[in-house]
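4 protein chains.
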Amino acid sequence: MKKNKTQIKVRYQETDQMGVVYHANYLIWFEIGRTAFIEDLGFQYHEMESAGIVSPVVDAHVYFKQPIRYGQNAYVETWIENYDGLRTTYGYEITNDLGNIAVTGTTKHVIVKKDSFRPVSLRRSFPDWHQAYTNALGED
Amino acid sequence: MKKNKTQIKVRYQETDQMGVVYHANYLIWFEIGRTAFIEDLGFQYHEMESAGIVSPVVDAHVYFKQPIRYGQNAYVETWIENYDGLRTTYGYEITNDLGNIAVTGTTKHVIVKKDSFRPVSLRRSFPDWHQAYTNALGED
Amino acid sequence: MKKNKTQIKVRYQETDQMGVVYHANYLIWFEIGRTAFIEDLGFQYHEMESAGIVSPVVDAHVYFKQPIRYGQNAYVETWIENYDGLRTTYGYEITNDLGNIAVTGTTKHVIVKKDSFRPVSLRRSFPDWHQAYTNALGED
Amino acid sequence: MKKNKTQIKVRYQETDQMGVVYHANYLIWFEIGRTAFIEDLGFQYHEMESAGIVSPVVDAHVYFKQPIRYGQNAYVETWIENYDGLRTTYGYEITNDLGNIAVTGTTKHVIVKKDSFRPVSLRRSFPDWHQAYTNALGED
Numbered sequence: 169m170k171k172n173k174t175q176i177k178v179r180y181q182e183t184d185q186m187g188v189v190y191h192a193n194y195l196i197w198f199e200i201g202r203t204a205f206i207e208d209l210g211f212q213y214h215e216m217e218s219a220g221i222v223s224p225v226v227d228a229h230v231y232f233k234q235p236i237r238y239g240q241n242a243y244v245e246t247w248i249e250n251y252d253g254l255r256t257t258y259g260y261e262i263t264n265d266l267g268n269i270a271v272t273g274t275t276k277h278v279i280v281k282k283d284s285f286r287p288v289s290l291r292r293s294f295p296d297w298h299q300a301y302t303n304a305l306g307e308d
Numbered sequence: 169m170k171k172n173k174t175q176i177k178v179r180y181q182e183t184d185q186m187g188v189v190y191h192a193n194y195l196i197w198f199e200i201g202r203t204a205f206i207e208d209l210g211f212q213y214h215e216m217e218s219a220g221i222v223s224p225v226v227d228a229h230v231y232f233k234q235p236i237r238y239g240q241n242a243y244v245e246t247w248i249e250n251y252d253g254l255r256t257t258y259g260y261e262i263t264n265d266l267g268n269i270a271v272t273g274t275t276k277h278v279i280v281k282k283d284s285f286r287p288v289s290l291r292r293s294f295p296d297w298h299q300a301y302t303n304a305l306g307e308d
Numbered sequence: 169m170k171k172n173k174t175q176i177k178v179r180y181q182e183t184d185q186m187g188v189v190y191h192a193n194y195l196i197w198f199e200i201g202r203t204a205f206i207e208d209l210g211f212q213y214h215e216m217e218s219a220g221i222v223s224p225v226v227d228a229h230v231y232f233k234q235p236i237r238y239g240q241n242a243y244v245e246t247w248i249e250n251y252d253g254l255r256t257t258y259g260y261e262i263t264n265d266l267g268n269i270a271v272t273g274t275t276k277h278v279i280v281k282k283d284s285f286r287p288v289s290l291r292r293s294f295p296d297w298h299q300a301y302t303n304a305l306g307e308d
Numbered sequence: 169m170k171k172n173k174t175q176i177k178v179r180y181q182e183t184d185q186m187g188v189v190y191h192a193n194y195l196i197w198f199e200i201g202r203t204a205f206i207e208d209l210g211f212q213y214h215e216m217e218s219a220g221i222v223s224p225v226v227d228a229h230v231y232f233k234q235p236i237r238y239g240q241n242a243y244v245e246t247w248i249e250n251y252d253g254l255r256t257t258y259g260y261e262i263t264n265d266l267g268n269i270a271v272t273g274t275t276k277h278v279i280v281k282k283d284s285f286r287p288v289s290l291r292r293s294f295p296d297w298h299q300a301y302t303n304a305l306g307e308d
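Residue numbers (this note's numbering), protein chains in the order written: chain A, 169 to 308; chain B, 169 to 308; chain C, 169 to 308; chain D, 169 to 308.
Quick caveat, the hints were computed from the structure, so don't treat them as lab data.
Treat each hint with caution, since some may be false.
Which copy? The list can't say, so a pair holds if one copy fits it or any two copies do.
[Claimed, not checked] Okay, derived cross-link-like pairs now, DSS-like style, lysine-lysine, Cα gap no bigger than 27 angstroms in a straight line:
(1) LYS276 <-> LYS177
(2) LYS233 <-> LYS281
(3) LYS233 <-> LYS170
(4) LYS233 <-> LYS276
(5) LYS173 <-> LYS281
(6) LYS177 <-> LYS282
(7) LYS276 <-> LYS170
Predicted model only: the values in this text are computed from it and were never measured.
Start from the sequences and build out the full structure, keeping to the hints where you can.
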């Protein structure tokens with residue numbers, strides 16, 4: 169199964185007064201991992217948007233194992249957990265400098281028309297993405 | 169079951185170029201609902217922190233039903249979904265101006281010592297919170 | 169001179185590991201004050217955007233006098249510092265619970281077409297805003 | 169004069185519904201540039217914090233020349249604009265992919281004790297930082 173691993177340097181702004189990365193920021197790191205994963209497949213998410221299509225999140229599940237602190241590096245690993253031609257579920261694992269798992273999770277996405285938020289089929293509208301996603305999942 | 173309903177005015181900063189509230193911000197809105205719920209019970213989260221205790225999130229589940237846009241108002245309703253003396257799971261429902269459900273979700277929390285992140289029992293360390301949480305859940 | 173005063177409740181997410189509100193967030197609070205000020209004049213910024221016009225910031229100056237902490241309330245006071253028909257400079261003063269000044273600043277704005285970012289005259293395109301801004305500045 | 173240039177990849181979360189990077193985020197990018205500049209000098213800001221010292225912002229001035237959009241890369245260049253042993257003013261210039269200037273600005277900082285926010289002299293408390301800052305400014 170294809171995976172992408174991207175390094176993230178903790179921003180001071182991302183910490184809270186608990187002295188750790190504020191939990192909502194991990195969804196932003198998932199987004200960074202997802203973008204890098206898509207680029208690894210040879211695509212650019214912003215090109216999809218130029219075609220009038222956006223990809224909102226349907227649901228998100230996040231499991232916080234241990235905190236990440238400022239001064240540490242983090243690594244987000246991203247893969248396709250599930251894909252059916254309409255919905256894509258990405259899986260994520262964030263590790264710290266020591267290789268310990270800090271956060272895991274998934275986000276499920278559809279694609280819709282930007283103006284109406286009406287659903288669109290990835291398979292039919294972006295057949296090359298469809299093929300790459302199918303390959304990345306290991307189903308070809 | 170006790171519930172708190174808090175109005176949230178969308179901030180321009182919370183939107184993204186999709187023209188809707190960026191999805192990670194709903195976790196921040198959950199935090200606003202949770203804080204208001206706790207205050208409704210007669211407590212202040214920052215007083216817990218003054219006692220050297222913080223309350224990190226263990227997991228979060230978010231379901232995005234429909235987008236919220238700038239210029240709209242949102243309402244976050246919060247309740248205790250589950251509580252066992254150690255872990256508290258809060259439930260959330262965010263609605264828009266028209267009363268339509270936009271986002272639902274849960275977050276599970278423990279309390280830990282701020283310096284060591286060692287777990288602490290809410291029941292033993294904060295018996296008055298424990299009592300209020302038990303009552304709010306409808307188990308007394 | 170017309171002024172608007174809006175209460176802001178500090179969000180946990182807005183703190184950083186210094187234990188105070190992260191400095192960039194005050195620009196977001198300025199935006200909240202500015203929006204409330206405009207609504208006090210009888211307008212809605214999002215209606216301007218519906219007409220294909222956006223209002224980017226040209227410059228911002230922020231003076232941090234003392235930190236604001238979680239558990240405190242803040243108040244942002246907003247007024248028009250300068251207005252010439254094209255550019256509007258808003259002034260801001262953020263105070264804490266005790267009435268002490270925490271942050272002051274200004275932001276200067278123009279209005280532009282959303283698609284091209286070409287400048288537009290507020291005076292000519294939105295004469296009712298122009299009149300209200302002129303009045304709010306005390307020049308009529 | 170010593171300068172550091174750091175690449176920043178625009179995050180989707182950093183955009184707003186104007187379709188560009190939300191203006192307050194440039195202060196976060198300044199922070200990223202500042203951190204990289206300090207590391208170039210051989211120091212780590214988080215080590216200063218481990219010694220019980222934090223470095224709040226005294227004032228910030230930001231000039232927005234042209235917007236940066238998602239899908240573009242940005243570069244933040246950072247240098248010491250002024251330093252007197254107590255206060256450090258950093259200068260910043262953010263450019264886009266084409267080398268055009270998008271944002272410029274300065275932030276002035278002091279260092280204070282984390283628990284009391286009482287000012288501390290960088291020259292006396294961190295003589296090696298003092299020397300490096302003096303050198304970086306070109307005054308040796």
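Here is how each hint holds up against the structure:
| no. | hint | verdict |
| --- | --- | --- |
| 1 | LYS276 <-> LYS177 | both (25 angstroms within a copy, 24 angstroms between copies) |
| 2 | LYS233 <-> LYS281 | between (36 angstroms within a copy, 16 angstroms between copies) |
| 3 | LYS233 <-> LYS170 | within (24 angstroms within a copy, 30 angstroms between copies) |
| 4 | LYS233 <-> LYS276 | both (21 angstroms within a copy, 12 angstroms between copies) |
| 5 | LYS173 <-> LYS281 | neither (30 angstroms within a copy, 32 angstroms between copies) |
| 6 | LYS177 <-> LYS282 | between (32 angstroms within a copy, 23 angstroms between copies) |
| 7 | LYS276 <-> LYS170 | within (17 angstroms within a copy, 31 angstroms between copies) |
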